[in-house]
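Q: Chain order of the listed sequences is A and B.
The opening position of the first sequence corresponds to residue 1 in my numbering, with each subsequent residue numbered one higher.
The opening position of the second sequence corresponds to residue 1 in my numbering, with each subsequent residue numbered one higher.
In case anyone wonders, no lab produced these hints; they're calculated from the structure.
A few of these clues could be false.
Said to hold, decoys possible - Quick look at which bits of chain A chain B covers, simulated, 3 or more residues with Cβ under 8 Å:
id	segment
1	100–106
2	133–142
Claimed, not checked - A few chain B residues that don't get close to chain A, going by computed Cβ distances all over 10 Å:
id	residue
3	D31
4	A86
5	I155
6	S264
7	S274
These figures come from a predicted structure and were not determined experimentally.
Note that beta-carbon positions come from the ideal geometry of N, C-alpha and C, so glycine has one too.
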Amino acid sequence: MTGATETRKRTVVLASAADHVAVELPERLSRLDVVVVTPGDLSRPGWCYRPGTSDWAMVADGEVLGAEEIGAVVTRLPWVSEFELSQIVPGDRAYVAAEMRAFLVAWLSDLACPVANRPGPNCLCGPFWRHERWVTEAARAGLAVEPARRSVGSDGTQPPPLSCRSRVMVTVVGERCLGEADEQLQDQALCLARATGVETLTVHFADWGAGMRFLTANPWPCLEDDAVASALLDHLVAPAPARAG
Amino acid sequence: MVLLWGAPGDPPLDAVYRTLLRRGARTLLVDQRRTEGTTLTTEVGERLSGTLRVGDRSVELPEIVGIYLRPQDRSALGGAGDSHAAGAALDDMLLAVAELTPAVVLNRPDAMAANNSKPYQYSQIRSVGFAVPDTLITTLPDAAREFVAQHGSVIYKSVSGTRSIVGELREADHARFDEVRWCPTQMQERIAGVDVRVHVVGEELFACTVSSDAVDYRYAHLTGQRVDISRCSLPDDCAERCLALSRATHLPLAGIDLRRTEASEWYCFEINPSPGFTYYQQATGAPIDVAIANVLTG
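Next comes chain A alone, as it looks inside the complex (with noise of 0.2 Å):
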């Protein structure tokens, strides 16, 4: 028999039925008490929110959680696709997969717990953006990018694609950097995430010739990595203090 003992909060994440490695993470990180939401659980009776407020109540695997059980969330679902939602008649799947995100941005939106990454309103997962749009955040903070170049039109001719001789990956984790990468491209990933105001961002450096420079990037964490995985689950448990410059 024990005593009184704290509740230990749980980290939610949100993600594809599909996706193997977010649904294993239980297993994979059991010390941190890990629990996996999908498109399902929304189908299931449980959930209340009521925005504006911290009132809520979730359905993860099949389990009804408040908000005072909720340490954390991370997300690896970037939409709810409607191929997802077998439990709907099929005519009204989209409408629900449309429900359900809507529902997700603002539920997700409105935590006051540490969520990786909070949605923007057309993603799930942080900003969705397009190529152009990440070369031109990298260049605003003062990354070197290889220009993106995109034609449309009668002849259909698209520029060239150019051949690069290396690539590297920095996956960033609230102030820590993780990867092959040398220092200054890890303090260029640093930058970028600090400017796009994520918590963790994979961003991807090539090079064509003339040096290192920004290829993309994305928000969407990468778990396949047990370290970036660990490294990510405990800064939102426990966040890191933010570095210098």
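Guided by the hints, dock chain B onto chain A, whose structure is given.
A: Quick look at chain B alone, frame taken from chain A:
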């Protein structure tokens, strides 16, 4: 040069186009239905550059000072195969241009996306001081029942921008409470009062009252119910909030749906980022198209 993009026959697009042509403004219309003969090349680094050609007219992207977007869902425009794919590719590139150009854009796609989640908009609306009706989104039938018991008169509406028609929850609907378990369902306390539609165009405001027996006057024609629209003025504090909401949401063109209660409280239901303003302009004579043209031409 001012760029217009959409499908001619769309009343707001046509109204702005006519106004710009009347005043002799250099204007280029990209017709979504006729994309053959239209080419666009872009290069994006620190700045956006490129060329848009429509038939025998072309413009360098940095020469564009204003863009008015009224793109229609391409799947509703017809066409198939290569022409559909080319049209979709052009749509995507024009959206990228609208995001990145330093020109005035009514409105930028990123800012417009907030309209796809009504409750997401509520926090923006509250931040400028408007009241929002008490709202519940739930999959729990008992919570829905309690909400109705608490408020008595309740409406339901989509959480997203899809099938966004407001309905009143009636006694006969109570038998359907168990269906909310399938999808988060939004209910709101019903606010009694007078509907006021406000169009914000830059720093200009055009307000009108809307009287109708319908719960959602936008669809009154479906049930043969009347709609009366009259131009009105706003109290200064309400006008300030409308302008603040337009700025906070980065929507220099907006249609704001308000309701004024008997106690003179102002509730805001939503902010429309691509308003069909001609419906209100025809009824009130308010020169909204002129104001839009003014903003586009600087």
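Q: State for each hint whether it applies.
A: Status of the hints after comparison with the structure:
no.	hint	result
1	100–106	holds (count 6)
2	133–142	holds (count 5)
3	D31	holds (15 Å)
4	A86	violated (7 Å)
5	I155	holds (15 Å)
6	S264	holds (22 Å)
7	S274	holds (14 Å)
The earlier numbered hint that this structure contradicts is number 4, and it is the only one.
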